[in-house]
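K.L.:
Protein sequences, first through last, are from chains A, B, C and D. Numbered according to the numbering used here, the first sequence spans residues 1455 to 1916. Numbered according to the numbering used here, the second sequence spans residues 1455 to 1916. Numbered according to the numbering used here, the third sequence spans residues 1455 to 1916. Numbered according to the numbering used here, the fourth sequence spans residues 1455 to 1916.
Because the hints were derived from the structure by calculation, they are not lab data. A portion of the hints provided could be inaccurate.
Pairs involving identical chains hold if they fit within one copy or between any two copies, as the list cannot separate such chains.
Listed next, the in silico DSS-like pairs over lysine-lysine satisfying Cα-Cα at most 30 Å (straight line) [as the list claims (entries may be wrong)]: (1) K1475 / K1503; (2) K1909 / K1473; (3) K1476 / K1539; (4) K1811 / K1537; (5) K1857 / K1885; (6) K1842 / K1539; (7) K1811 / K1476; (8) K1853 / K1640; (9) K1475 / K1537.
There are 4 protein chains.
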Amino acid sequence: MLTRDIFANISPMDHRYSKRKKDFDAMSKYLSENASIKYQLEVELALVKVLAERGLCPEKAPQEVREAIEEITTEEVYEEEAKTKHNIRALVNCIQRRVSKETRPYIHFTATSYDIVDTANSLRYKKAAEELILPKLKELLQTWAEIALQEKDQVQIGRTHGQHAVPVTFGFTIAEYVSRFGERIKEIELKSQNLRGKFAGAVGAYNASSIFFDDPEEFEKDVLAELDLKAGEHSTQIVAPEPITDFVHALISTFSVLAAFADDMRHLQRSEIAEIGEYFSKDQVGSSTMPHKRNPINYENVKSLWKAFMPQMNTLYMDQLSEHQRDLTNSASSRFIPELIAGLLSAAARLNRVSTKMVVDKANIRKNFEQNKKMIVAEPLYILLAAKGHPDAHEAVRKLTLKAQETDLSLKELVAQSEELKGFWEDFSDKQKELILQPEKYTGIAAEKTEKIVKRWQNEFK
Amino acid sequence: MLTRDIFANISPMDHRYSKRKKDFDAMSKYLSENASIKYQLEVELALVKVLAERGLCPEKAPQEVREAIEEITTEEVYEEEAKTKHNIRALVNCIQRRVSKETRPYIHFTATSYDIVDTANSLRYKKAAEELILPKLKELLQTWAEIALQEKDQVQIGRTHGQHAVPVTFGFTIAEYVSRFGERIKEIELKSQNLRGKFAGAVGAYNASSIFFDDPEEFEKDVLAELDLKAGEHSTQIVAPEPITDFVHALISTFSVLAAFADDMRHLQRSEIAEIGEYFSKDQVGSSTMPHKRNPINYENVKSLWKAFMPQMNTLYMDQLSEHQRDLTNSASSRFIPELIAGLLSAAARLNRVSTKMVVDKANIRKNFEQNKKMIVAEPLYILLAAKGHPDAHEAVRKLTLKAQETDLSLKELVAQSEELKGFWEDFSDKQKELILQPEKYTGIAAEKTEKIVKRWQNEFK
Amino acid sequence: MLTRDIFANISPMDHRYSKRKKDFDAMSKYLSENASIKYQLEVELALVKVLAERGLCPEKAPQEVREAIEEITTEEVYEEEAKTKHNIRALVNCIQRRVSKETRPYIHFTATSYDIVDTANSLRYKKAAEELILPKLKELLQTWAEIALQEKDQVQIGRTHGQHAVPVTFGFTIAEYVSRFGERIKEIELKSQNLRGKFAGAVGAYNASSIFFDDPEEFEKDVLAELDLKAGEHSTQIVAPEPITDFVHALISTFSVLAAFADDMRHLQRSEIAEIGEYFSKDQVGSSTMPHKRNPINYENVKSLWKAFMPQMNTLYMDQLSEHQRDLTNSASSRFIPELIAGLLSAAARLNRVSTKMVVDKANIRKNFEQNKKMIVAEPLYILLAAKGHPDAHEAVRKLTLKAQETDLSLKELVAQSEELKGFWEDFSDKQKELILQPEKYTGIAAEKTEKIVKRWQNEFK
Amino acid sequence: MLTRDIFANISPMDHRYSKRKKDFDAMSKYLSENASIKYQLEVELALVKVLAERGLCPEKAPQEVREAIEEITTEEVYEEEAKTKHNIRALVNCIQRRVSKETRPYIHFTATSYDIVDTANSLRYKKAAEELILPKLKELLQTWAEIALQEKDQVQIGRTHGQHAVPVTFGFTIAEYVSRFGERIKEIELKSQNLRGKFAGAVGAYNASSIFFDDPEEFEKDVLAELDLKAGEHSTQIVAPEPITDFVHALISTFSVLAAFADDMRHLQRSEIAEIGEYFSKDQVGSSTMPHKRNPINYENVKSLWKAFMPQMNTLYMDQLSEHQRDLTNSASSRFIPELIAGLLSAAARLNRVSTKMVVDKANIRKNFEQNKKMIVAEPLYILLAAKGHPDAHEAVRKLTLKAQETDLSLKELVAQSEELKGFWEDFSDKQKELILQPEKYTGIAAEKTEKIVKRWQNEFK
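Same shape as in the complex, but just chain A (with noise of 0.2 Å):
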C-alpha cells in the first residue's frame, strides 16, 4: 500500500476535512480511487455474469472474475497503468492474469473503456446517494424539524431587508429551511435515480455486441440490470452528461440552501441581534487575540465550501460539450465531482452538529421584537383601515408612522388622536383591536404552517 503523510495532500477534503477518521472512510467508501477501482470491476464481472449466463463464456467464469477483484489492489492497477499508459486496459489486464486461458478472452468483451467508467461511475454515485448522501442529508432534515417543531410558538420578528416586518415564529423561520431542504433532497433522490449506464461500446452504435448478439440493446440491459442501472437512450463513447448534470445541479442547489441557512444563522448570532447561539465547549478559544469572541465559526465555514464548490456547475456544462463521439476532455475534470459530494457531506455534518447544539436566546429573541413592536402594526392597521373603507389607508398610516417616529406616541395611540380615523377605529372587531394592541399574535398561521410542514416531511422521510 502506497502510504503519505495525510498532512503532505494538496486538496484540504483529504487533510483538513477529514479529520474524523470514521466519517472520512464512510466518505472514501465510495469516493476515493479506490472506490472508483472496486466499481468498475464490478462493472467487469456484471458483464462476465451475463455472458455466462448467455453461454458465451465458461460457466466458471463469474467465479473466476469475481475472486480476482478480491484481489486487485489500486496500486496495481496502477503500475500496470504506468506500462499501458491506459487505465481501463490496465484494469483489464490485472483481471486477465489472475483467471483460466478460457476465461481470459471474456473479459472486457465487445466492451469499451467508457462502458466501464461511466457505468462505474453512475453506480457509485448512485451507492452514495442512496447510502450515504441521503441519509446524512435526511439526519440534518430531521434535526431542523425538531428544532421548528420546538420553536414553532415562539414569536420572533420576521426580517425583510434586514429591517424589522411583521411578525413570524422561530419554528417558522427554520420551517423555511426544511421545506426547501426537503424538496431538494427529493431531487438528489430523483436525479441519482437517473443516473445511467451503457454497454454500446465505442462509438454507441452496438458494433461490437452486435457481432454476437442479435439484440445487443437487450445484452446492454441485462449486464445493467446486474448492477440495478439503467442504459441511456442514446450512447456515443460514453454516456449522455445530462443525468450527471442534473444529479450536480441538484447537489449543488442543495448546498445552496445550506449555505443560506448558516447565513441567516449567522446574522442572527451578531452582536446586536444574538438570538442564536452556538454552545462553546469550556476550552474552546474564539480568537486567537480577543478572548471574549464567539464566533459563528461553523456557519461561515458551510458558506465559505459553498463558495469553493458552487461555481463547479460550470464545469459540468463544458463538460456537456464532448466533440462528436467524444473526447477526452470530460475526463480529469469530472474526476473532481467527488471532492464536491465530500465538501457537501462535510457541510451537512457540521451543521447538523451545530443545529443540534443551538442555543435560542429568547431573551434577546423579545427584546429585539419590542424594539419596533410599535411600528410592526402600520400593516394590519393599514389593511384594516382600508377594509374598512378608507379611501387612502396606506398613505394615512405612512404618515402616521414618521409621526410616531417623531413622538414617541404609538400607532394605536395617534389613531386615538386623529379626528379622521378614530371613527374607523371604532369599526373595528374585537380580535381586530387585539391584533394592533398585541402585535406579538399577529403571527398569522406561522405555528400550525410550522407543524404542517414540519409532519410532512417527518412522513416523507421516515
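With the hints as your guide, set chains B, C and D onto chain A.
P.N.:
Below, chains B, C and D without anything else, positioned relative to chain A:
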C-alpha cells in the same frame, strides 16, 4: 410612448439579435418590461376576482380592474414610480386612480409586493415556456429528427478524440442530439410547470390575509388557481428560489446541448473534413478579405451565445441566498433571466434555419471513411480473435496495426501472412469475415437505433 | 432611425437602468451599437490617412472618408449587412459608395475584418475608460474620501465574524474602501491603457500588407498611432485576448469592491444596528404593505447587479480559447462586455447618490459600542499581562471573560479582585491603565491611518 | 506521522495527479498543510526577531523559537487544535510549550491570527511563484520557443473558422503561444510580487501594537521585511483581498493559454489533419478496444483540468466580500487555491513532456496546404486588383472563386481567360505575380516575426 433608436441600446439582445421584428415581438411579449408589468396587473386582477367571489369587495370590482389594466401603460407606472420610489406601490396607484372609491381599498388587498412580483414572474415564465420556448425548441427537434431519419443509413466514420474510431451513420450522429435535446425539452416542460406563486404576505406567514380569512392558504390557492398556478409549500416574502433555479438549469443545460451540436457541426465543416456545409446565398460574403471563405458563422454564433449566458447559473445559485424573510439582492439580478431566454431562443432559431439548409457532402463523408478503412477493422478483428480463443488478442492486433502502418498492407492481409493468426481466420463465419473485409458494414445497429429514437420523439411531441 | 418603445426591450440595462436620459446617453456614446460602428469607421479612416501619408492612395482620400463616415448611420450598415451577411463588408460598402472611384480601392486596403473590429473595440473601451468609467469611479472615491475624513475620529466597534471585536473609527471603516477602490481604479487605468489594436491581416502574418510595405509592422504602428493605440506583440486574425481579459478582470474585481461596500452598509442599516441610514424622500414608499419600512434598496441593488455580472468572467476565460488563427466563437459573447460596463457604472452612480446622502447615526454607533464595552478590553488586558510577564495571559483572560458574563462585573473589577492579577495591574503605566478603563481610546492609529489614506488618494487622483 | 493509503484520498490531485513522487514533493513543499503550518511558524519567528531587535523580548527568544519550530509537526498542531478549536492558538501553544518562561509571552505578541495566516499565505504563494511556478512555466516557454524557431519557415495553411485562409508558418503558429504565454508569465511574476502581508492586529487599526510602539506601521514593516514582504495600504483583520485575487486571475488566465494551445494541437492531430502527433511509446495502448488509435490524451487532459479549475475565479470574487472588519467565509474557500496551483503545474508539466516529443508531420502539412492552394490566392489577387485600380475587386474575385469551384480551373487561369481582368494582370510586378503563382510564398513576415518573438522571450527569461 418612450421610444429610442434601437442602435442606442446597450444589450446586443436589444439591437443585434432582434433584427427580425417578428421574432423580437414574439419574445418581447413575455420578456420585456411591458410583459413584466402586464403580468403583474393580471395578478392584481386575479386577487380582486377572488375577493369578489368571496363577497369581500364590490361585485363590480373585477370588471373595473379589468378595464383599468387595459389602459395602464408601462410608462405611466414608471412615472408614478419616480415619485413613490417603489415599483409595486406605483402599479397599485395606477389601478386605484381608475376605479371607484368602493373598489379602491381592495386593490392589492392584504398583498405584499412580492405576492405580485414573484407570482407574475412565475406566470410569465410558465406562459413563455408553453407558448414560446417549448414550441420553438420542438420545431428544431423536428428538423433534426428529419435529418436523422434521412441520413440513418449514411455510413460515417465515428470519431473519438478527433481520431477515426469505428463507423456509425450520420443519422445516428444526429440522433444523439434528437435524444439529448428531447430529454432536455421534457425537463424544461417539467420545471416550467413547477414554477410557483404565492399569496402569503410580507413574511410568508399570511399575517394580513389571516385577519380576514379563516383559511388563508385556501384563499392563496384560489387566487393562484385563477392564474393556473400553485403555491409553494413555504414562502417568505418571496417564493422559494428553487423552482426558478431548476427552471434556469433546465434552460442552460439545454443551451449546452445546442452548443454541443454547433461544435460538432463546426468541426464537420473544417476544410479537411468538409462533411457538411452551410448553404450560402449567392450574395453572401464569407470574409471581408478572403473571398473564397465559407465560414460556419451560425454554429460559431450559437456556441458564442452559450458562452455568454451559461455562467448566469452562478447568479441563480447566489440568489438562493436571501437573508431571513428576504433581502432584495435577488431583484436586479433576476431581471436578467429574460435575456438568457432570448439568447436561447435566438440560438435555437438560428440552428433551425441553418439545419434546415444543411448540405451533406456524401463524397467527402465517403472519402474520410476510406482514409482509415483498413485500420478500423482492428476492433472487430481483435474481438473475434478473442472470441475464438486467442489468449492475447488485443496485443496481437495492436502489433498488427503498427505493422500495417509501416508496410501499407491491410490487417486482413497481415492476418493471412501470420502463421499464428491465419488458423483463427478460417474459424470465422462468413458474416464475421465480411465485417473484416467490408468495414462499412461494421455499423452495429446505428440505423435501427436512429429510427427508434426519431420515432419516439416524433410521437412524444406530435 | 429605427425606434422602439424602450419598455419593449429585453435587457434591463435598456429600460430599467436607463431611466435617467443623461446617464444613458453618456453610456450609449461608448457602449451602444452606434458607438461600435462609429469607432469602426474611425479605424477605417485612420487606415486611409496613413495610406495617403505614404503616398499610396489619393491625397483627397482622407477627406472623402471623413465626410463619408459622418453620414453613415448604423441603420444603413445593418441594411447592407442583410444583403452581404457580413458586417464589415457591409461597413466597407457603405463607405465605398460615398467616395470617388479613385479612393474606393483603398478603403479597407489590406485589412481583414478584425483589424477593424478588434482595434475599434480596444479604442472605444480605452476611450470609455478615460472619459467615462474612470471619472465616474473617481467621483465615488472622492465621496467616500470625504466621509472617511469627516468620520475619522468617530469611534465605532470593530466587527469580526459579526461579533464585536475591538474599536475602530467609522472613518477607518470607510478608509478601507477608499484604499481598495483606489487600487482598483489604478488597475482599470493600467489595463485600459494596455488594450491593443492590430493591423496584421487575416492570419496575423501581415500577408497582404507585406505586398505593399517593406515594413508592415511599421505600417501597423502608424495606423494605430493615429488612434493612440499600440499593437500587440503577436496577433492572429484577432488581437491576443489577454489584454481585454485583464481589463474585464479589473472591472469585475472593482465591482466586487462596490458590492463589498454595499454589503457592509446594508448590515450597518439593520434594525438592530442602525448605525447608518439612507436619506428617505418625503414621498418615498418603503414597502407596498408595511408603511414603516426603510429598506437599504440601493445597497441591495448594487450587490444584485454584481451577482448578475460577476460570472461573466467565465465568458472571458472561455473566449481566450479560439482555434488556430481564430474561430468566431468569441464574437457574440464579447458583444456583452458593454452591458457589464453599464452595470458597473449604474452601480457606481447609485452608490455615489446614496453615499452623498448617507446619514450617520452617532447615537446608535455609541449605543452599540457600549454594549460590549466591558469585554472589548480583553485583548489589551491579555497583551499587557503578557508583556508584564504573565506566562499564560490569554487563558487567564479568557476565563475572566466567562466570569464577567456570569457576574456582570467588568474585567477591570475582576482583575482587582484577583490575587493573581492585581499585582500585574499595578505594574501598568497610566496610559496603559487608561486603555483598560476607557476602551473608546483603544482605537490604535485608526484616525491617523484614515487621514493618511484619504490624503494619498485625494492626491493621486486630483 | 498520520499516514494513509494515497488511493483513499478524495481529490484527484492527491492520488491521480501525484503519481510522480518527485513532482508531488516539489508541489507539496508549498501547497500542502505541512507547508501552510511551516510558513505560519516562519511568521511567528519573524515577529520574535523584530521584538528582540527592538529590545522588547529576551535576546535568546529568536533562537529558542527557531529551534522550537523545527520540531513542531503538523500533527501536533492538529492535536492541539482538537482541544482549542482554534488553529492559530494551537500553533502558538505548540511554540510556547517549547520556549523558556521569559520568552513565552512574546510568542504571537500583539498579533491576531490573520496577521499570521494571511502573511504566511502571501509568503508561501510568493515563494511558490519564485521557486516553483515561474521556473516550471519558463521551462515550457523555452520548449515552445525552440519549436517555433525550428519551424519558423515551415509553411502551413492558416485556419480561421476552421477553414483554410492564407498561409502562415508552423513556427508562427507556435510563436503565438510563446508571446501570449510569455506575457502571462510576466503577469504572474508581477502579481506574485504584489502579494501583501499584515501585522495590524484584530481589526487592522494596530490597536494592540500601538500600545507598545509609537510607530506601529514601522513595526509591521520590520516584521514583514524579515520575510521580504510588504504591507497592504489598509488591512482589516485580513489583508485586502485584491492582491490574491489578481494573482489567481493571473494563474487562471495563464491556464487558459495552456488550454488554448492544447485545443489547437488536439485539432491539428485530427485524423483528417494529422499535422502533428504525439510520440507513442512502444507499449502504449491507445484504446482499450480499438488497438489502432493514437489519441491526443495529454492535450485533452490539459483542457479538462482547465475546465475543472477555471471557474474557481468566481470563488475569489465572492471572497472579496467579507463583512465589516471580516467574516470568516473566505477561510475554507481560500484553502483550495493550492489545488488550483497544483492543477496548473500538472498541466504545464504534461505539456512540456508532450511538446518536447512533438512529431511534426511535414508531409501532411504540405498535403493540407495543397488542398486549397488555388483558392488561397483569392486574397492577394483581390488586393492587387484593387491596388491596380479595379473598382470592385473583392466582388470580382468572389465570383471567380465560385467559378473556380465549378470548373476546376485555378484563379490564375480564370484571370487569364477574363477580358476584364487580364489587363490588370499584366500590370502586376514579377514579385506580385509570383505570389499568385506560388501561394506558399504568401506568408507575409511570418518567419521574421517568429524569430523576433522567440528572441525577445529567450532574452527576457534567460
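K.L.:
Each hint should be assessed against the structure and marked as holding or not.
P.N.:
Do the hints match the structure? See the list:
With identical chains, the CA atoms of K1475 and K1503 are never at most 30 Å apart, being 36 Å at best within one copy and 39 Å at best between copies. Taking CA atoms no more than 30 Å apart as the test, K1909 paired with K1473 passes in neither setting, with 35 Å inside one copy and 49 Å between copies. For the identical chains of this complex, K1476 and K1539 are inter-copy neighbours only, at 19 Å across copies versus 34 Å inside a copy, given an alpha-carbon limit of 30 Å. Proximity of K1811 and K1537 under a CA criterion of 30 Å is satisfied inter-copy only: 18 Å between copies versus 53 Å inside one chain copy.
Within a single copy, K1857 and K1885 get their C-alpha atoms as close as 26 Å, which meets the 30 Å cut-off; across copies the closest is 47 Å, which misses it. Proximity of K1842 and K1539 under a CA criterion of 30 Å is satisfied inter-copy only: 27 Å between copies versus 82 Å inside one chain copy. Proximity of K1811 and K1476 under a CA criterion of 30 Å is satisfied intra-copy only: 21 Å inside one chain copy versus 46 Å between copies. Proximity of K1853 and K1640 under a CA criterion of 30 Å is satisfied in neither setting, with 47 Å inside one chain copy and 47 Å between copies.
For the identical chains of this complex, K1475 and K1537 are inter-copy neighbours only, at 17 Å across copies versus 34 Å inside a copy, given an alpha-carbon limit of 30 Å.
Taken one by one, the earlier hints fail for this structure at numbers 1, 2 and 8, listed in ascending order.
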